[in-house]
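Student: Throw the hints in and build the complete structure from the sequences for me.
These protein sequence lines are chains E and H, in that order. Per this note's numbering, residue 3 is the first one in the first sequence, and the count goes up by one each step. Per this note's numbering, residue 7 is the first one in the second sequence, and the count goes up by one each step.
There may be inaccurate statements among the hints.
Straight-line Cα separation of at most 20 Å, DMTMM-like style, residue types lysine to aspartate or glutamate; simulated pairs [said to hold, decoys possible]:
#, chain 1, residue 1, chain 2, residue 2
1, H, K374, E, D30
2, E, K253, H, E389
3, H, K220, E, D112
4, H, K84, H, E166
5, H, K377, E, D249
6, H, K500, E, D30
Beta-carbon label-pair distances, calculated as ranges [unchecked claim]:
#, chain 1, residue 1, chain 2, residue 2, range
7, H, G131, E, G168, 55 to 61 Å
8, E, G188, H, L36, 56 to 62 Å
9, E, G367, H, K465, 48 to 54 Å
10, E, R250, H, T242, 54 to 60 Å
11, E, L407, H, N86, 43 to 49 Å
12, E, K253, H, R361, 34 to 40 Å
13, E, G408, H, V42, 45 to 51 Å
In short, the hints are calculated from the structure, not lab data. Ideal Cβ positions, reconstructed from N, Cα and C, are used throughout, including at glycine.
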Amino acid sequence: MVQYGGDEVAALVVDMGASSLRAGYAGDDTPKAIIPTSYGYITEPASGGDVTMGEAGEDGQPARPAAKMYIGQNGPSMWRANMEVANPIQNGMIHDFAPIPPLISHALRDVMRCNPTEHPVLVTEPAWNTPANRERMAEIMFEEFQVPAFYIANTGVLNAFAAGKGSALVVDIGQSMASVTPVVDGFVLRKGLQYSALPQLVHAHAKHLLTNPTQHRPAIQLLPHQLIASKMPVEPAQPPKFTLREDRMAKTTDSWRIWAESREVDEWIQSVAGVLDQGWNEQAVMQRPPRQYEFPTGFNTYFGPERFSVGELYFNHSMIADRNDNLPRPLPSLITACLGNCDPDLRQNLLGNLVVTGGGSLFGGLVDRLGNELGRHFQVKIHAPGNPIERRYGGWLGGSILASLGTFHQLWISKEEWQDHGKAIVGQRCK
Amino acid sequence: MSGVAFRDSSIVVIDTSRTSVHAILGLGELLPTPAVEIKARVGLRRSLHDSNGLSNGHAQPAASTSRAASAIPMSSVKVNDYLVGAQLDSALAAGEDIVVSWPFAEGDISDWTQAEAIWKHTLFGLLHLRRTQNESPVLLTVPPTLSRSSLAMLSQLFFERFNVAAFTLLFRPVAQIYAGNALSGIVVDIGEEYTDVNVIYDGFPVRECTESVKLGLQDCREHLVNILRTNQSVMTAISSPDAPLPEEDIKQALLSLVNHLLASGLVKPPAPASSVTGFSASAMPIVEEPEDGVTDIAAIVLAGKEKAVIENNMKKRASAKATAAEQAKMREIEAMDLVEIKDWEWGLREVVVGRERHRLCEPLFDPKLCKKDPNDGVWPIHEVIGAVVQRADVDQRQYVWQGLFVTGELARYIKGMGTSLQSRLMSYILSQPDQHNDVQARHIRVLKIPEYFAEYREKGDGLASFLGAGIVAKIAFHDPNGKNFVSKGEYAAKGPPAIIEMSASLL
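Tutor: What follows is the structure, given as structure tokens:
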């Protein structure tokens, strides 16, 4: 773009995560299109009476014959009769490529209103992506979108770039995965890479807490706004008084219900959940003020220790299980394992440039706690952007910086090269 | 080249909505209302249309998104071939065979030649600028959905074809929220065909929170026409049983009656949701009547309304003297909420319309009334607003709910829509405002254009984007070293993309 010295490439950057797909112009500081990765679809009634097929894609090829897809901001979030919701990303990786072209097309053509055949496109991938997956992505971009040039870059590296660092230890907490990636001079040290499905555990625990009764309150119904016709004010911790939209209840699918409930859980986490800065301590927890929160049903109550026990899971599992072999590993153990796999002389450099990023890292108090935990053992300097947009879309931002650099031009895989060399070029060019 | 400040009298503001263009040359001390208003449509004579090979399916790719009725003429049609404004109106009235297109109707610019024809007519035809000696800076409002290359094209068009002295762009929802005296909020623009909902946070549109629903004033009008059809007295007044009018004429007559009702401000917004159950029984007015005791005399004098105020007072005095019998009759009419329509466009027939006229806005809250279905992407507007705000960050929402602003065509005629919407949105905020909760929204605040914009008083909030554009134009063009507009020199140096970094609220 112009502000980078007359570089007229006008590249696009596409960053796909478990929660949202971000797309925008290279050189900008925020993505122009942010659409949910989850999408809704309605299978034609002809395909059998029972539409509630198991989570699509579980067994390789989902049976989706004549499904109408609802993509974008009013895709899953708007209630539709018999609409199912699915997400092509599993554990950070694309496991179902069928909805990928429509998703990218919606972001580029419908939201940004630009023509992908005119712009080079940089796509991001997680550090643990498979070669087959990235080649498939290249194929989609070249064959279906006819892009003039393509590059696929690692989110770990891009997050380091977004923080202005060539070498860094990137702690990325997304919606479904938490990862620790050592980046040295712009390259990932693969042997140090660690990741786990920690955010999913935190989410599941929060949902478990909310939907089970305690001595102070009944179990909470996680009904979304879309299913509620009206609510009445009630006293804290009293059963809610609300009327359901009965016309909608019968036509609500299970997958949509699960999607909507997890959204309510996320909202609760974002609004009130937190983590103590100095480890779990019953007394410290009691001293923190409880916070009131109201659900769409009108049910409201004060959340005290509960709201901290959720965040504690990022750091240890002793709250929910004594033996935690099968649970996703918490952050400190991921970081220690990562450092243990790296050369000792690199450790100091990495710890001095610890980048915390990803939407999940906005969890209240998480960065402070991480600093305290690590500070007991190491000399550590944490870089965590204060701006939520920078934190949430760090991968995209790094891509935006990278693709707008003049020196990056030689790395693009051009269409001609793709046609000449085929898939192999992706592995050769994109390290 | 920057270093030139522009005089107020030379500034041009053009506000381009989906269906109309408002413009003015020169901003006074008070921000004026638009000097010219035309429909954003162009016409092409059928002969020209066909001779350009349009009938053989040779349409541009954008054709699929354009209105069904209008084919998109090829670029081989010249700007001057198009009929715009009064020319088009008279040609249509004369019954000429003309293909009419609305280049902005879909929230994008579907045909650049047509767009150019409209703006050219506005600048040189209506505002009497001269291309060769154009010293006016131009501020143009655009929908926030335009692509970046379109924005660059716009600046190219205005500099190279219209020879403007400086140029800047402003997103319409941003202009609208400025007019409502806020920086964050929800702008609900109820237009003819579409309702656009946009969330603005701190002066910037929130990208994820933009939605358009195909519900608008047109649907409302048709709904009321259908209701009026069931009113025996109206129907007999329009088409007497002895000499019935043809069906098409009845429809036209009813439509013009509805328009007349709207234009004379006789339609009230729907009642708040709490009393919505027995709607027709409790169509309570919630519009605040303009206060009788006029206090701000200065503003009225400034606005040139002193005559109207005096006449109003005279009328009141006269009515006070009316006989008791007359007053009783008046009261009865008031109680029934009847209005007598005498001199409307369609002949001089007298028609009495009752309360049902207030049902005009119903389709906005229940699209099924105009046969539109949520599964086709048409939701009631309050649901759309609620869903759109839910997409914003948790932390942003309470600020966003602080500014619910209803504008657009409908707001020009019906005041108080904001309040009716507010009551229907209560389920999205806390049920009790006194909770110890600093994250979730407690209140929804409804915005209006502030009283101190004297020229805009009693005009409704429909012209908000023009007012906001005027405010921004004044500030942007007054600062000679400002970075909020592109001067001719900067355009020459940097080319069309300069607009993207040099415009208020574009990046």
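Student: Can you give the numbers of the hints that this structure goes against, from lowest to highest?
Tutor: When the structure is compared with the hints, numbers 1 and 10 turn out to be violated.
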